[in-house]
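Keeping their order, the protein sequence lines are chains A and B. For the first sequence, my numbering begins at 135 and goes up steadily by one. For the second sequence, my numbering begins at 135 and goes up steadily by one.
Take these hints with a grain of salt, some might be off.
[Stated by the list, open to error] The list that follows gives simulated cross-link-like pairs (lysine-lysine, DSS-like), each with its CA atoms no further than 25 Å apart: (1) K190(B) with K158(B); (2) K300(A) with K263(A); (3) K172(B) with K190(A); (4) K158(B) with K190(A); (5) K158(A) with K190(B); (6) K263(B) with K190(B); (7) K158(B) with K172(B); (8) K180(B) with K158(A); (9) K263(A) with K293(A); (10) K190(B) with K190(A); (11) K190(B) with K172(A); (12) K300(B) with K263(B); (13) K172(A) with K158(A); (14) K300(B) with K180(A); (15) K180(A) with K190(A); (16) K180(A) with K190(B); (17) K172(A) with K263(B); (18) K180(B) with K190(B); (19) K180(A) with K263(B); (20) K180(B) with K180(A); (21) K190(A) with K263(A); (22) K300(B) with K158(A).
Just so you know, these hints were derived from the structure itself, not from any lab.
Protein chains: 2
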Amino acid sequence: MASRDRTIETLIERLNRLPGIGPKTAERLAFHLLRVDKDEALQLAKAIEDVRRAVKNCSMCFQLDASDPCGVCSDTSRDQAMLLVVEDPREVSRFEEVGYRGLYHVLQGRLSQLEGIRPEDLTIAQLLKRVDNGTFAEVCLATNPDLEGEGTARLLADKLSQFGGKLTRLARGLPAGSSISQVSSSILADAIEGRRSLS
Amino acid sequence: MASRDRTIETLIERLNRLPGIGPKTAERLAFHLLRVDKDEALQLAKAIEDVRRAVKNCSMCFQLDASDPCGVCSDTSRDQAMLLVVEDPREVSRFEEVGYRGLYHVLQGRLSQLEGIRPEDLTIAQLLKRVDNGTFAEVCLATNPDLEGEGTARLLADKLSQFGGKLTRLARGLPAGSSISQVSSSILADAIEGRRSLS
Chain A
135 MASRDRTIET
145 LIERLNRLPG
155 IGPKTAERLA
165 FHLLRVDKDE
175 ALQLAKAIED
185 VRRAVKNCSM
195 CFQLDASDPC
205 GVCSDTSRDQ
215 AMLLVVEDPR
225 EVSRFEEVGY
235 RGLYHVLQGR
245 LSQLEGIRPE
255 DLTIAQLLKR
265 VDNGTFAEVC
275 LATNPDLEGE
285 GTARLLADKL
295 SQFGGKLTRL
305 ARGLPAGSSI
315 SQVSSSILAD
325 AIEGRRSLS
Chain B
135 MASRDRTIET
145 LIERLNRLPG
155 IGPKTAERLA
165 FHLLRVDKDE
175 ALQLAKAIED
185 VRRAVKNCSM
195 CFQLDASDPC
205 GVCSDTSRDQ
215 AMLLVVEDPR
225 EVSRFEEVGY
235 RGLYHVLQGR
245 LSQLEGIRPE
255 DLTIAQLLKR
265 VDNGTFAEVC
275 LATNPDLEGE
285 GTARLLADKL
295 SQFGGKLTRL
305 ARGLPAGSSI
315 SQVSSSILAD
325 AIEGRRSLS
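Bound conformation, chain A alone:
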């Protein structure tokens, strides 16, 4: 009895499958796509197709890129002795923004009992091989400062215990611009634990 056109229903259903997009938002977006310039809507469709046609995981670092090896791995001007190990391809651009100029290794997730993610689901074997074969002076474990990120870092540190170079972890402490009276006690505990010498 729904008199709504089947094509519109299909678009709403498809949008509704995106993470964080509920039925109401999906409907709003669908009608937006019907209202805007046809070209505007079709450009979005094309962008989705392009990205799925062109973008693959880099076979070296496993970040997402249209070329393989990716732009970072093939850029010889970058510091070839520094490797930053991150969980997710998205995090790469965060580090790029702050001027990091070494190489990356994307784990494609982190260990999680809850989500059933085991070491073999991540690109850990490839990381170990890369470190073994490479000439890295430093490997920095840049997994997230939470339970699962820490657990993943601990496992990696264990597996890389034979690594001859420097094995590091991102600093934990007070977030820039925060106020000591407002931060959580675990942040403050990190800040005390990781205090730096000024002398």
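Chain A is fixed; fit chain B onto it per the hints.
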């Protein structure tokens, strides 16, 4: 210096142009579309293309549909003597859900000084012609119960003053399931003003 792939950037920019989708959400959605089954992502692209290829405004009632006249206008089993005037094509499916079985006229907006929407920007001329030529026993003005919806209804009532049938407006009052101690005073004022006789 952004090492992120151009194709991914384009998709993020395109998603970011959608209403209510900020840069962070756009990035999340883009990486979701990169992570899911290729087919899943391409189905969304196809749904957007399909909808823009197939769906047009019905030349009678101006709702969005793949056929013209639309499914409602061409359904002779519906009550041809009842016309419901709504602002937006989306509202049609709300009325369908609650079992309305007459015809519609979609204004494609409402008068708004703030947004510079004038009577000639809406399908008012077409509505007047339809009512003139039609055999409607009732025209119900179902614009929204807010300032601009009321203003639009007032203009329409004025223009339809020569209409021989019943001219109605949706009831205003307490929303079902609400509590009198919680509703706003304007809702309560509507409820008193519009009280119905039980005898």
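Checked hints:
1. K190(B) with K158(B): violated, 32 Å
2. K300(A) with K263(A): holds, 17 Å
3. K172(B) with K190(A): At roughly 11 Å apart (the allowed maximum being 25 Å), K190(A) and K172(B) satisfy the hint.
4. K158(B) with K190(A): The hint holds at about 22 Å.
5. K158(A) with K190(B): holds, 22 Å
6. K263(B) with K190(B): holds, 21 Å
7. K158(B) with K172(B): holds, 22 Å
8. K180(B) with K158(A): Answer holds: K180(B) to K158(A) is near 21 Å, not above 25 Å.
9. K263(A) with K293(A): Between K263(A) and K293(A) the Cα gap is close to 11 Å, so the pair holds against 25 Å.
10. K190(B) with K190(A): violated, 37 Å
11. K190(B) with K172(A): holds, 11 Å
12. K300(B) with K263(B): The hint holds at about 17 Å.
13. K172(A) with K158(A): Measuring from Cα to Cα gives roughly 22 Å; hence the hint holds.
14. K300(B) with K180(A): Given pair K300(B), K180(A) is violated - Cα atoms ~49 Å apart, limit 25 Å.
15. K180(A) with K190(A): At roughly 17 Å apart (the allowed maximum being 25 Å), K190(A) and K180(A) satisfy the hint.
16. K180(A) with K190(B): holds, 21 Å
17. K172(A) with K263(B): Distance ~29 Å between K172(A) and K263(B) Cα, so the pair is violated.
18. K180(B) with K190(B): holds, 17 Å
19. K180(A) with K263(B): violated, 41 Å
20. K180(B) with K180(A): holds, 9 Å
21. K190(A) with K263(A): holds, 21 Å
22. K300(B) with K158(A): violated, 34 Å
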